[in-house]
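Those protein sequence lines, which keep their order, are chains A and B. Reminder that position 223 of the first sequence reads as 224 in our numbering, one-by-one numbering, no gaps. Reminder that position 179 of the second sequence reads as 180 in our numbering, one-by-one numbering, no gaps.
Quick caveat, the hints were computed from the structure, so don't treat them as lab data. Remember, it's a predicted structure, so these values are computed and weren't measured experimentally. What you were told as hints is all true, and nothing was included just to trick you.
Estimated spans, in silico, between C-beta atoms of each pair:
no.	chain 1	residue 1	chain 2	residue 2	range
1	B	G116	A	P269	44 to 50 Å
2	B	I188	A	R109	45 to 51 Å
3	B	S75	A	R115	27 to 33 Å
4	B	G129	A	P238	25 to 31 Å
5	B	S75	A	K191	35 to 41 Å
6	A	K268	B	K149	34 to 40 Å
Glycine included, each C-beta is placed from N, C-alpha and C at the ideal position.
Chain residues, written in single-letter form:
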Amino acid sequence: MRSLVPMALLFSCALSAPGASKPIATMQLPCPAYFQTLSPDGTQLVVTCRDMSMVVLSVPEGKTLRTIPVESKAYSAAYSSDGKWLAIGYQGGSVEVTSTKGTASAQRWQGGPRRIDLLSFLPDGKTLVVGPSDEAARVWSLSETPKLVATLPFEFGGASAAAASPDGKLLVIAGGDTAVRFYDTATWQKTHENRNFLLESFALQFTPDGKQVLVGGADARITVLDAATAKQVKQLPTDGGSYIVGVSMMGDQHRAATVYLDDAGKKPPHAVVWDLASGKSSALGVAPTCCESVAGKLWMCSADDKTLTVSQHD
Amino acid sequence: MKLNRRELLERCAVFGAVTLASSVSLPMLAAAWDEAERKKTTPHSELGPFFKREAPHDTMLRKPGDAGMPMALSGVVYDTRGDVVPDAKIDIWHTDNAGFYDIDGYRFRTQLIPGPKGAYAIDSVVPGHYPSRVCQHVHYLVTASGHKPLITQMYFATDPVFDGDPAKNYTRDPLCGSVDLVRPVMIKSDGNQMVAAVTFDLVMERA
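Bound conformation, chain B alone (with noise of 0.2 Å):
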């Protein structure tokens, strides 16, 4: 039996594990609760012209001999109360590491369901640049039902064009509109080969 958070403070207190102040009732204990842990929804920033719907369900989209440094990208998806979200569908697709999207193909596209932890993850390469965009940066769409469609990029702290610096200078990409969009890169290895990990988290809002 899953509780909800009232429930489980009334629990608490009916058996002492919780002993509330005079001035403090379990709603207002409840709801400060539900503040603390609120998610902050993830950015937009837009779709871009190329995305291409019924995308396979591939979490390897990196093949061998493609040019690029292998990337291994996972996240959770929640909601701003912070509960994952099982039942979202997450398109994600970025260029190969020339900078070119595949229009007549699906190569690094996929559409993904996460698990019952909200959880995703796909390994890939690092996407390049291409001239008309200043980043390197990954396409993300998720809907879910009783959602509103999150439209999102996700870039790479790494990005030369952030000199170090992406605090300072994400907004030398016009289409980069939050800090919150360019996330750390991990170097690490698998055993086999040096992997850029990186972890991007995805905060929908309730419709």
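Excised from the complex, chain A in its bound form (with noise of 0.2 Å):
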């Protein structure tokens, strides 16, 4: 089962407003695939293969850009924000950073001492926060040669999920041992925690304002803390018998879109968005296997046996 997860997490995204929905690209689909990850501009995807390989296509064309292959053991993904970097986590703790563009030379470190279950860039692009399976989380600079910058420990357990805030002032990050914190970037100290979850939490997203951070994972509910002080503000209702892998805010910045997963068969993947203030909810209408928030708008990804759709929803 948590072989899945990291690989869910890569479902975190910023979605703009449900509605039509506008194919962007139709390509086939390199490998039997769980789940792509979407550049933020657009023009990449990450294909995740259920062997473990992972195939850099090129949007909308489909054009095979990068393969690694399955002994490489490649194990997430992660874009930065402006979709100009690609960093790659192994399953030995070593990361990978190359640019999208082909204009710098890759960077290749051991970034932590064990599989790489977590990537996530804060918004300068120049930072990296590095999840290895069962470790505390390691924050790298990318200025030059990678530097260690700080760490950042769980009693027990590793990095589920991380994400920053707007202005990158704040990073939030979930672990194993069910913990939400809040670390200052300027210091990396610790500001605030809630430690009220039972269960682990899969997916954050600040909303656009960055006082609030919308938090879901294993109990399948969308829980909202105040950024400034940890504390629970408020909860949506259960969608059981799945687990949340993604969590966003529209556009209009009062309702959010959630993406459930449950690979233990009760329920296919679906799409979710909820009404925060009023707690209704109401389907999407898709089985995403990834989502991106591109120029403003939702862009979403589903599969079949052979061919992969991006799509765009308005």
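Each of the two chains sits in its own frame; use the hints to bring them together as a complex.
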């Protein structure tokens, strides 16, 4: 089960508003795949294959830009928010950062002692949060040679989700110990934490104003935290039989889109939009395998055995 | 009064219970003895996404009518010096026989504190397989002051995945990083029913 969840974290995205969908690209799926990671500029996506190989495709052409064979044991991937950098985490704890435009040579270093489950860029594109399996998270500065700038410990377990505030001044990170912690990114001192979660959280998303954080996870419901205190503001109903792997504010700032997954077979992957004020929900009508905010619009992937479709939802 | 190894050896030497060759000192003998009894830290196997805090302190996780082979799971918590860790906290959780974790409640979840001898024991059912995991398994989280948290999983040698040869086939589950985590299963009767008895000792590393 755990093996799927870090990949599912790739769903984390910022959404605009649901409505009519418009196809962006239809391409051949290079391998049976669990999930894809779409770059925020909409020009690339990473396909995570079921055999744990990875394929980087151009969008919308579907041209293979790079194949990372199964022997390399790539495990996690993340794009910087400007889409210029792609980070890939490997089984043995190494991390690679490459320029998506081919303008700089790749950097590869030992980012952690174990398999890299989580990668998350800060908005500056120069700071990378690395989450090794069941180990403290590491924060790396990517200026020239990667430099370790902070270690973010957990009581036990490793990082299961991370998100930076829109201004990059706060990092919120969830751990296997079920706590959600806030860090000041200038000093990397912990500012607050919430230890009220009984189960692990897999998705974190700041509201656009940076004042609140949406948290979702194994409890299958959105919890809203105050970013200044880490205290719970509200909690939405559960969607039993599945768990949340992605949660994001919609462009109207009062609704949140949530991606659910359940690999125990009780429910298929699905997406739900929640009105945060009323707690009412509506299905988004897709079985998403990726989502990303591209130029303020919601892009989502869906896949069958052979075809991958990227569509825009206005 | 509990003597440490060196004190015990000194006392034995004084009373003639131990005779040392001229080339062997007591500290050397104590160190060699320590080394011989040193235990290997239980291999790590990941926490998984469905750990739940605040599990009840139950030893009987099986309820009447639960599907699945009854399981008796027991062991002792040691440190790498072979000393028991009586103040450890052991969280144990696994799926039901159909392969589902209880997220809403605490079925098949417990937190135990072993007694002075470091021993723990629970009664449950053998967990099922679920789609994204290859092997049946039981999760453990063990914490104790002065020790590194131990996160691991126990696997069953009888799991069909291993084809009867866990030493050869344990890597069929990519999360099972060591054959030491695959434990033999003894089928025995408790007088009323057949029970799968498994012993899984846990060895913690000092912080």
